[in-house]
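Positions 1 to 72 (full-length UniProt numbering) are the ones given, in order, by the sequence shown.
Since the hints were derived computationally from the structure, they do not count as laboratory data.
The beta-carbon is built from N, C-alpha and C at its ideal position, and this holds for glycine as well.
A few of these clues could be false.
[Stated by the list, open to error] Restraint-style ranges between C-beta atoms, simulated for each label pair:
1. 3 / 49: 42 to 48 Å
2. 33 / 10: 32 to 38 Å
3. 49 / 4: 43 to 49 Å
4. 15 / 41: 30 to 36 Å
5. 29 / 6: 35 to 41 Å
6. 2 / 50: 40 to 46 Å
7. 1 / 41: 52 to 58 Å
8. 46 / 19: 17 to 23 Å
9. 56 / 13: 18 to 24 Å
10. 53 / 8: 28 to 34 Å
11. 49 / 1: 48 to 54 Å
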Amino acid sequence: MRLPKLPKPRIPQIPRSTASDIVDVAGLGCLEGAAWWWQPIVGLVVLGLALLLVGWVIGYEPAAQGDETPSA
1 MRLPKLPKPR
11 IPQIPRSTAS
21 DIVDVAGLGC
31 LEGAAWWWQP
41 IVGLVVLGLA
51 LLLVGWVIGY
61 EPAAQGDETP
71 SA
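Hey, can you work out the whole structure from these sequences and the hints?
Given below as structure tokens:
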């Protein structure tokens, strides 16, 4: 007996610049939380710096062939 094939869910594609901005804002939010909330400072600082690094890598990674925007 075989299971019926289900269609794969479609994941919306977001531009790299938007993903980079979202991760940067999350990283800055973690650093802001670390500045005002004194108990888990080290964890928030590490998480914030890691998120900023991910946002920086996403933002400066060369675009794939399909990501190029047409120039007028």
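Against the structure, test the hints numbered earlier, and report the numbers of the ones violated in rising order. No numbers; nothing is violated.
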